[in-house]
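> Same order as they appear, the protein sequences are chains P, W and C. The first sequence begins at 115 in the working numbering and counts up by one. The second sequence begins at 2 in the working numbering and counts up by one. The third sequence begins at 1250 in the working numbering and counts up by one.
Every clue listed holds true.
Mimicking BS3-like on lysine-lysine, the simulated pairs with C-alpha atoms at most 27 angstroms apart in a straight line are: (1) LYS1346(C) / LYS1412(C); (2) LYS62(W) / LYS23(W); (3) LYS87(W) / LYS195(W); (4) LYS309(P) / LYS1349(C); (5) LYS211(P) / LYS309(P); (6) LYS23(W) / LYS87(W); (7) LYS62(W) / LYS1408(C); (8) LYS1349(C) / LYS1430(C); (9) LYS1408(C) / LYS1430(C); (10) LYS87(W) / LYS1430(C); (11) LYS1408(C) / LYS211(P); (12) LYS164(P) / LYS339(P); (13) LYS1349(C) / LYS62(W); (14) LYS1346(C) / LYS62(W); (15) LYS27(W) / LYS208(W); (16) LYS22(W) / LYS87(W); (17) LYS1412(C) / LYS1349(C); (18) LYS195(W) / LYS208(W); (19) LYS218(P) / LYS1408(C); (20) LYS208(W) / LYS196(W); (21) LYS1349(C) / LYS1408(C); (22) LYS23(W) / LYS241(W); (23) LYS1412(C) / LYS87(W); (24) LYS208(W) / LYS241(W); (25) LYS62(W) / LYS22(W); (26) LYS62(W) / LYS1412(C); (27) LYS27(W) / LYS197(W).
Stretches of chain W that chain C covers, calculated by requiring three or more beta carbons in the stretch to come under 8 angstroms of a beta carbon on chain C: (28) 54-60; (29) 87-94; (30) 108-117; (31) 161-168.
FYI, nobody ran anything at the bench for these hints, they're computed from the structure. Ideal Cβ placement from N, Cα and C applies to all residues, glycine included.
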Amino acid sequence: MSLIGERGVRRILAVTAFSAISALLLIALFILNEGLPFIFRYGLHDFLLKSDWDPQAGKFGIYPMVAASLWVTFGAMVVGAPLGVAGAIFLSEFVPKSVMRVIKPTIELLAAIPSVVYGFIGVMVLAPLIRTQLGGPGLSLLAASIILGIMILPTVISISIDSIQAVPQSYREGSLALGATTWQTIHMVTVRAAKSGIIASIILGMGRAIGETMAVIMVAGNAVKIPHSALDSVRSLTANIALEMSYATGLHRQALFATGVILFVVIIILNSFAIVVLRKRVYKK
Amino acid sequence: MDCKFDIQDLSVYWRGNLSLKKVSLKISSSQILGIIGPAGSGKTTFLRSLDRMNELEPGFKAEGRVLLDGEDIYGAGYDAVTLRKKVGMVFALPVALPMSVYENVVYGPRLAGIRNHDRLDELVEQSLTAAFMWNEVKDRLDMSGLRLSGGQQQRLCLARVLAMEPEVILLDEPCSGLDPISTAKIEEALTELKKKYTIILVTNNTKQAARIADQTAFFLMGELIEMGVTDRIFTAPVHKQTDDYVTGRFG
Amino acid sequence: MRIHPRYTQRLAVTILGGATLLTLAVLVFIIVFVLEKGLPVVNFRFLLTNAEDMGRSGGIFTTLIGTIVLPLLAIIVAAPLGISTAVYLTEYTLETKVTKIIRFGTDCLAGIPSIIFGLFGFIFFVTTLGLGWSILSGGLTLAFMILPTIIRTTEEAVKAVPKSYRQVSFSLGATRWQTVKRIILPNALPGILTGIMLGIGRSIGETAAVIFTAGSSLRLPTSIFDSTRTMAVHFYILAREGLSSENAYGTAATLIIAVLAINLTAYWMMGRFIAKRS
Ligand SMILES: Nc1ncnc2c1ncn2[C@@H]1O[C@H](COP(=O)(O)OP(=O)(O)OP(=O)(O)O)[C@@H](O)[C@H]1O
Ligand SMILES: [Mg+2]
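Construct all of the structure, not just a fragment, from the sequences and the given hints.
This is the structure we're talking about:
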């Protein structure tokens, strides 16, 4: 190391420390550079709120995809958030520590399963089930919501568990000493104290759901239309990008990047929100 | 006896709070200076000012001058790393690094660039002998240092400092967690070592200072109350606070 | 009507426990389903022969190579960057505005969806830098994606090294870099390796970011400028185009085994790391 010297090392490390933030800025720069001009030309209003997506005819209204993404995300939250939070509470308050130490990593393994595998399960198992039991094409808003709901479980559970466990034991003891049952203590004291962490976990899960691509492509059906029922085939913003990117050129490609811009902005806002909420939790401790 | 450390009006602030107030004293070589005082009186802060370990913590600020062999160690251009090679430190809690006993001892010499195996072996034997533990560990030099007992680990820490061949050894309550026998071994080692080194020993145990220190300094609330030959501090202190403290009437 | 607290308690426990069981059942179901359908297809011939007829028959050999090479390249790039970022943040600076911004950037990067990485990789590496659909483009895109994971896990591991080790090292005249090299990194190594494993696991399973950057060529790549197809992409194409559900299941099973093996190794290392600490 005498070659570079102590100061040199410090300088090198300091430069590399900016790698992540530079990566983020680089991504922002290139996505914006590719997508923003289109948005300015086409008009944000027409782009977001018109329902005619016909690239051949130069029509780029992504409203059906916006609606689909919002509904799919909403559906995923309806499925995933209650299950995840309930699981987190049960695991951290009712299950012995030793069991928990096995189950938590197991659930976090869910996050490691590739999204295409989730999508495949959706196609092979869930969609046929929906088609035969509820009707419609099977590949639908409902199928996408359920699969995404499962996919966000690890995020929600793991962050919620962390914040529930961060609640000081003395809070619980204080409540129990006043004669409250375990459940009363949990929903009046523990969950309230862990609230910001739980909210953050849900927001981060939401970010995952909005951004998920492959699984949604496989199970949502991909029809460009505003959904009227949960059994309709829909196409999300992400799916639209991935499906058309391979052959899009010119204005069409720019429109897809513009869709990327919208996604990027939404995700950054959600993330910042979650990060701020999580920070607050850390300070409170 | 020549003057090793000449400390002039040393004040230390932690996050703006004054923790050491204009301390001035001279420390001669080849003897043991004992530092006593109640908890929070600034003993550790003072000791760590002598090898600039304080500045690794946030919120530290020092004023005044600390001359080592006539050179201000807080002066511009004085390198803390060079300083710490000359001024070794043994901490209150024994900390064996997670490596073998041998590697623990040669950690300092290796940093200093010594690669010669014979030289390193020689340093290990010398230092462990001087720390009164060569016979206990000479057959287990490959064993992890973490598996030694607390008392052995503390002597290992002393040996590790000795292997750097420093000029000054700072010890911060080195025996606070040790049994009487381990304590005796360390004291024996220190008495032997003072012939070669300048030793500054912070201790909570006034009897220990009385036993082995040549000079003793009494700190109270960040101030040096008095300093003198150990016998005099313990038998005829000038200040009432010193008297109260050494006779155990403090409080 | 007021229900007695004891009944609400029982009801709550039942609901919470049911939800937890359901979650676990889903996990077990997914893994068992894929393995049961896929494992019979997986054998040495499947793994070691090339795909034929777009993957309708034959094996998955070239995709196996793609799946090894791409994450490897990603790790080679991301690990040094991530580790040095984490070391800088924890060892070289105090908490300042700048470190806060860096941390915020890292957290944000972790939340970016893979399709955005795909778009970015396509426009930046494939088009602007002219690297084309290639292992290089794909690996670099994945490197961007896993960088936050490595930074975070390394930071945790580095923070877990006892402060007293640092003090001893400094007091023996070590410089900061010597302390990092001789004390911090060796002791944080298991944690760092865990982060690397998690990063590899994520790269192996990734599809959206890879398909737009590394392409989907089934030929055996001869250099990092060649396009390649990973197992995940292959599986996606097989499943979507309905080419061969048998081979799709086989690929999925191989993929899941690889991902599970890597993640379990990561957890196992983490466990040993924690056990060693205490
Ligand atoms: N790293 C630090 N940050 C902030 N304040 C500190 C720090 N170290 C010491 N202080 C403050 O400096 C004062 C003196 O502490 P110091 O540790 O020097 O006392 P001490 O005499 O060694 O006590 P003890 O006998 O308990 O070890 C205390 O008020 C303490 O709170
Ligand atoms: Mg002290």
